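Q: Full structure from sequences and hints, please.
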Amino acid sequence: MKFYYSNKIAAPGGSTLIHSDGCQNLPGILEREYLGMFPNGILASCSAIEKLKSAKVKVCKCCADKDSVSS
Numbered sequence: 004m005k006f007y008y009s010n011k012i013a014a015p016g017g018s019t020l021i022h023s024d025g026c027q028n029l030p031g032i033l034e035r036e037y038l039g040m041f042p043n044g045i046l047a048s049c050s051a052i053e054k055l056k057s058a059k060v061k062v063c064k065c066c067a068d069k070d071s072v073s074s
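Be aware that the sequence shown starts at 4, since it is given in my numbering, and climbs by one per residue.
Computed cross-link-like contacts, BS3-like style, restricted to lysine-lysine with a CA-CA straight-line distance of at most 30 Å: (1) 56 / 5; (2) 61 / 5; (3) 59 / 5.
If you are wondering where the hints come from, they were derived from the structure by calculation, not from laboratory data. All figures in this text were calculated on a predicted structure; none of them were measured in a lab.
A: This is the structure we're talking about:
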């Protein structure tokens, strides 16, 4: 299980990016929102959609690659 966070500011294109702890692209502490502990980015994304009331949510490329390697 990993800790997951969302960017407080949407990425270009309007998507909110989801990051796991240890991500090289993880925003600074004041620029991110804690989502919770999840076994993978897919479940973190589902939680973010509900919590942030946004359909434009995606896992950052770095974290998505880590999820596919560890699965």
